[in-house]
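Colleague: So you can see what is in the structure, the chains are spelled out below.
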Amino acid sequence: TAEQPERVAQPVHGISSYQTLLVSTQDKITTITLNRPQKKNAITVEMYNEIIKALDQAAKDDSVITVFTGSGDYYCSGNDLTNFTKIPEGGMEQMAKDAGELLRQYVKAYIDFPKPLIGVVNGPAVGVSVTVLGLFDVVYATERATFHTPFSQLGQSPEGCSSYTFPKMMGAAKASEMLLFNKKLTATQACEQGLITEVFPDSSFQTEVWTRLKAYAKLPRNSLALSKQLIRTSERDRLHSVNDQEVERLVERWLSDECMQAIMSFFQAKSRL
Amino acid sequence: TAEQPERVAQPVHGISSYQTLLVSTQDKITTITLNRPQKKNAITVEMYNEIIKALDQAAKDDSVITVFTGSGDYYCSGNDLTNFTKIPEGGMEQMAKDAGELLRQYVKAYIDFPKPLIGVVNGPAVGVSVTVLGLFDVVYATERATFHTPFSQLGQSPEGCSSYTFPKMMGAAKASEMLLFNKKLTATQACEQGLITEVFPDSSFQTEVWTRLKAYAKLPRNSLALSKQLIRTSERDRLHSVNDQEVERLVERWLSDECMQAIMSFFQAKSRL
Amino acid sequence: TAEQPERVAQPVHGISSYQTLLVSTQDKITTITLNRPQKKNAITVEMYNEIIKALDQAAKDDSVITVFTGSGDYYCSGNDLTNFTKIPEGGMEQMAKDAGELLRQYVKAYIDFPKPLIGVVNGPAVGVSVTVLGLFDVVYATERATFHTPFSQLGQSPEGCSSYTFPKMMGAAKASEMLLFNKKLTATQACEQGLITEVFPDSSFQTEVWTRLKAYAKLPRNSLALSKQLIRTSERDRLHSVNDQEVERLVERWLSDECMQAIMSFFQAKSRL
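These protein sequence lines map, in sequence, to chains A, B and C.
For reference, each letter of the first sequence is one residue, going 1 to 273 in the working numbering.
For reference, each letter of the second sequence is one residue, going 1 to 273 in the working numbering.
For reference, each letter of the third sequence is one residue, going 1 to 273 in the working numbering.
Just so you know, these hints were derived from the structure itself, not from any lab.
Just so you know, these numbers come straight off a predicted model, no measurement behind them.
No false leads were slipped in.
The list makes no distinction among identical chains, and a pair is therefore deemed to hold if it is satisfied within one copy or across any two copies.
Taking lysine-lysine and the PhoX-like style, the derived pairs with C-alpha atoms no more than 25 Å apart in a straight line are:
id : residue 1 : residue 2
1  : Lys218    : Lys183
2  : Lys214    : Lys28
3  : Lys39     : Lys183
4  : Lys108    : Lys53
5  : Lys218    : Lys60
6  : Lys28     : Lys60
7  : Lys270    : Lys183
8  : Lys86     : Lys39
9  : Lys53     : Lys97
10 : Lys214    : Lys184
11 : Lys183    : Lys28
12 : Lys270    : Lys39
13 : Lys270    : Lys218
14 : Lys53     : Lys86
15 : Lys28     : Lys184
Next up, chain A with everything else stripped away, as it sits in the complex (with noise of 0.2 Å):
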């Protein structure tokens, strides 16, 4: 497994009011470190909430780019599936709609966030940690990662604006073997199709990253952001309907009778290990 950053380790700007988050600034640099390894970095409903206003200060702080990562051996597995089994007064369509609400406001946080956004990509990632990569800057990932989005298993439909940044990054050959019929990538193939900005060997992968982004955290910081911006400006509107459709689409998807077969057979096969 890859090596801890040595950062960590060293005093850290800014207090961490975070329960499911590491979040620190340093050398100009906010990283948010995904923090339940035991879970596999699974995103809770409280972590998606915790994700948006860490989001939301990074914007905010003084740092010039902001660090997405996980800790332990994974990188995300995905959204946490025992959020579906904690249904509410109001039922499953009250579920599926704060739910759909919730994984809006998430994938619009990415879609706004106004610094330059860098993936430290340190093992597998699952389903929505996958999609708004899509939605960052730069993906720097371990060989050890691996990209995977099996929603049609799970009777569901793509999410994290994939459906419109996938197809464009890698054509639509590409993006609907991995968005339909559930293709896991290797770091490389992910890299190959533009997912990934570039691999390393793993066991380097923290040393080689981490220089990069010092150095990058030393350039001008308003030409930066502008710059992002500038890019982002011309699809922002076309992201955000995306989002909106994508999000629409699942909260039929969460209520059909294909997803919650899927969803149940999941949990048996769990419980039979």
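Guided by the hints, dock chains B and C onto chain A, whose structure is given.
Modeller: Coordinates of chains B and C only, in the frame set by chain A:
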């Protein structure tokens, strides 16, 4: 040459009422096979109409995915140029107008197809059979396949939405070499450019591909169809508009001296063989 | 270094009235050659104006294709930073406004160019000479070429429509490493990312490329021009809008402290050599 797919020999559900195609539904897969191997599956006026009809029926039947392929050693040699030799009463202008409307309806059938559409490219592909691949969801090809769009050689211009889908998937620099300067791609090059999802050795092509297709057809049907439509939705209007513009331009081209001379030269060269 | 193209020595049709360019038409090919090799073909204000004029004339002459290249070992080292040292009576604000309008017209000339435009990249390319390649139809490069857009290093932001064309062709993850973080690409990397059509050994570069170009110039002239325009049509408005936004942002940048300090540091470093 590739082995015949085993499945063709099995009894099929649904009666094929087509003269130029084989159409069958089995294992929740509807397969449309161009069946004019003695002419390298060149598309006649009758075939255009039958393919439109077959796609319309596949859209409505209970299959989960639809497969498009060719019989014999060729996938498809493109538009049958003898289509231009049957001049109707209205003269050349009427012929160009009719051919344009037929092409418009043909490409429209691909744009609006509501289920996953998978190309199984069993050999060389030319012209409109290459360009519409940009409207497929997944495309698998044998290593023997080539991809050639010699429009300018024939005084014509791109169709099948390729003037939009090709630059989008491979960048203008690669797309223009194909669409303007008649570059013929190998299967491997087409895969690198994103036109093709994956290339297979010819000896195992049918076996490997059909193993995958049968697995795909077992996935939740609505999830697949709705996910495909979600991907298509965000550019459907654009694709229809591009199709209209391409056809308008081609109708003008067909009536130009450049094009008439190029097509006459084609037939003269052929008659001398 | 690459051999001189044979054709330059031959008598040419048309009289070149340019101070900073060589412009000639032969074999139905108009060639525009940046001719300031002692300054690595850095683009002065005079050169911007002459290139706009040369593109305008090439658009109207009877050539079939237009070729853009550089003389000497460099393709082009980008914007000549001495352009920023000639401050007019209106002060810095007037200078920034004038420079912005010139850049806007310069990029517009590429967006609206009506014939196939082919880049023959004979050596390293920097800045605006790299970004406008996204508006070319085909780009051939020697293996000696490199592609570098150090905007943020100079406190500036992307131009030449690269904030739109680069993410479109290579995905955001690769484009941002170039446009935000100054990553310099080799010719092979630029080819993999879709910026370049093909890379050639330096020893045979000119011979191989000009053999192709001469063949291209024999194709039907109208078919080529109309096909190129068809490809461009579907995004022309978008490109003009992106150009306007990029220039507006750059004019602000040029007047910022970040940018002024970065450019002064550049000249100080240079003066110490």
